[in-house]
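Asker: Each chain, letter by letter, is given below.
Protein chains: 2
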Amino acid sequence: MKLLEDRIHTDGQVLGQDILKVDRFLTHQVDYQLMKKIGKRFAQVYANAGVTKVVTIEASGIAPALYAAESLNVPMVFAKKAKNVTMNDDLLITEVYSFTKKLTSTVQISSKLIEEGDKVLIIDDFLANGQAALGLVHLMEQAKAEVVGLGMVIEKSFQDGRQKLLDQGMKLTSLARIEKFEDGKVIFAPADDKDFD
Amino acid sequence: MKLLEDRIHTDGQVLGQDILKVDRFLTHQVDYQLMKKIGKRFAQVYANAGVTKVVTIEASGIAPALYAAESLNVPMVFAKKAKNVTMNDDLLITEVYSFTKKLTSTVQISSKLIEEGDKVLIIDDFLANGQAALGLVHLMEQAKAEVVGLGMVIEKSFQDGRQKLLDQGMKLTSLARIEKFEDGKVIFAPADDKDFD
Numbered sequence: 001m002k003l004l005e006d007r008i009h010t011d012g013q014v015l016g017q018d019i020l021k022v023d024r025f026l027t028h029q030v031d032y033q034l035m036k037k038i039g040k041r042f043a044q045v046y047a048n049a050g051v052t053k054v055v056t057i058e059a060s061g062i063a064p065a066l067y068a069a070e071s072l073n074v075p076m077v078f079a080k081k082a083k084n085v086t087m088n089d090d091l092l093i094t095e096v097y098s099f100t101k102k103l104t105s106t107v108q109i110s111s112k113l114i115e116e117g118d119k120v121l122i123i124d125d126f127l128a129n130g131q132a133a134l135g136l137v138h139l140m141e142q143a144k145a146e147v148v149g150l151g152m153v154i155e156k157s158f159q160d161g162r163q164k165l166l167d168q169g170m171k172l173t174s175l176a177r178i179e180k181f182e183d184g185k186v187i188f189a190p191a192d193d194k195d196f197d
Numbered sequence: 001m002k003l004l005e006d007r008i009h010t011d012g013q014v015l016g017q018d019i020l021k022v023d024r025f026l027t028h029q030v031d032y033q034l035m036k037k038i039g040k041r042f043a044q045v046y047a048n049a050g051v052t053k054v055v056t057i058e059a060s061g062i063a064p065a066l067y068a069a070e071s072l073n074v075p076m077v078f079a080k081k082a083k084n085v086t087m088n089d090d091l092l093i094t095e096v097y098s099f100t101k102k103l104t105s106t107v108q109i110s111s112k113l114i115e116e117g118d119k120v121l122i123i124d125d126f127l128a129n130g131q132a133a134l135g136l137v138h139l140m141e142q143a144k145a146e147v148v149g150l151g152m153v154i155e156k157s158f159q160d161g162r163q164k165l166l167d168q169g170m171k172l173t174s175l176a177r178i179e180k181f182e183d184g185k186v187i188f189a190p191a192d193d194k195d196f197d
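These protein sequence lines map, in sequence, to chains A and B. Just so you know, the first sequence maps onto residues 1 to 197 in the numbering used here. Just so you know, the second sequence maps onto residues 1 to 197 in the numbering used here.
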């Protein structure tokens, strides 16, 4: 998505070897106009997939997932990283390991919110090692729901999350694919939605 | 907001003495249509307040805050409950005590995202004891930004958050105000936006 790549060039900040900071429009401050266009793009790509629910994980995935849900006219569900006092239903539960935080956390969705036969589009802000995405896929398997695809706003293509998802037969749509960082600049690989630009 | 009260009657679930579960449309599964109307309502109430930013706290506040930001055509910023590897700027930091979780957590916003002179509308999903809301107000004070008001989707009017905010001279707009729970049913007090219905 050319618009997103341009915005990453303008407002993204490369930190060290492998971190991209996009807190001006995605992960902390949220530019609703860009998010809306991102949500619409995901909806365009999956327009004929019969999506019944958009699923993401708190917190930075919520904005793009919400606009994707709006464009597809379906509900959005966000997986929770912590159990709270109102989560008294049966839960779909999985463990997600974070390489950056070096810890395993539990991710859960109420089993009442995803039904057998649901056709789910999974959305997230970043795809790196793929742990969160694979965790969400695993939750959908538990619910006997079908994952029709995964939409990632930004993919770090030099990490192995992409390959892991493709190895599982998943359809993957990353709107900005980072091939590498060079002298503090972002070099992009062709995005999965390039034909829609 | 009549539409919201009706939805709470239909899909809300009273748990024990003082907990309302609204995971079908707000805190876990998100009904974008309702959230959009809620966002528009906040924007109506604060249409002439010169809002420059909408601020919320992750995660359930994000959806209503995003649509409020869209309706007001300003950016949305969500405060973070955990510091991550990209938060290398100066931070606005406060402590928020959770009565339900019985623990104090740190809430932070990058100081670059809120500027002196910003006119901020604070949005959150629930107002109960007011700790999260007061924490956000405190962050805005640190940034020398002006809080033009607080918009709460659901207020538990039998807890003291409302009074604490009013005591600080804040303008408060709660779209559904729960006076009490009676035999598992929700009894509402007049909402702050009733004149807009």
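Bear in mind the hints are in silico, worked out from the structure with no lab data behind them. Errors might be hidden in some of the hints.
Copies of the same chain look alike in the list, so a pair counts if it fits in one copy or across any two.
Claimed, not checked - In silico lysine-lysine, DSS-like type, Cα no more than 27 Å apart, as pairs:
| hint | residue 1 | residue 2 |
| --- | --- | --- |
| 1 | LYS83 | LYS180 |
| 2 | LYS102 | LYS144 |
| 3 | LYS102 | LYS83 |
| 4 | LYS119 | LYS81 |
| 5 | LYS40 | LYS101 |
| 6 | LYS144 | LYS21 |
Asker: Indicate, hint by hint, whether the structure satisfies it.
Answerer: Each hint, compared with the structure:
1. Proximity of LYS83 to LYS180 under the C-alpha cut-off of 27 Å is restricted to the inter-copy arrangement: shortest distance 25 Å between copies versus 37 Å within a copy.
2. In this assembly of identical chains, LYS102 and LYS144 lie within 27 Å of each other by CA distance neither inside one copy nor across copies; the values are 30 Å within and 36 Å between.
3. In this assembly of identical chains, LYS102 and LYS83 lie within 27 Å of each other by CA distance both inside one copy and across copies; the values are 20 Å within and 14 Å between.
4. For the identical chains of this complex, LYS119 and LYS81 are intra-copy neighbours only, at 23 Å inside a copy versus 32 Å across copies, given an alpha-carbon limit of 27 Å.
5. For the identical chains of this complex, LYS40 and LYS101 are neighbours neither inside a copy (32 Å) nor across copies (37 Å), given an alpha-carbon limit of 27 Å.
6. When the C-alpha separation of LYS144 and LYS21 is checked against a cutoff of 27 Å, the pair qualifies only between copies, where the shortest distance is 25 Å, while the shortest distance within a copy is 36 Å.
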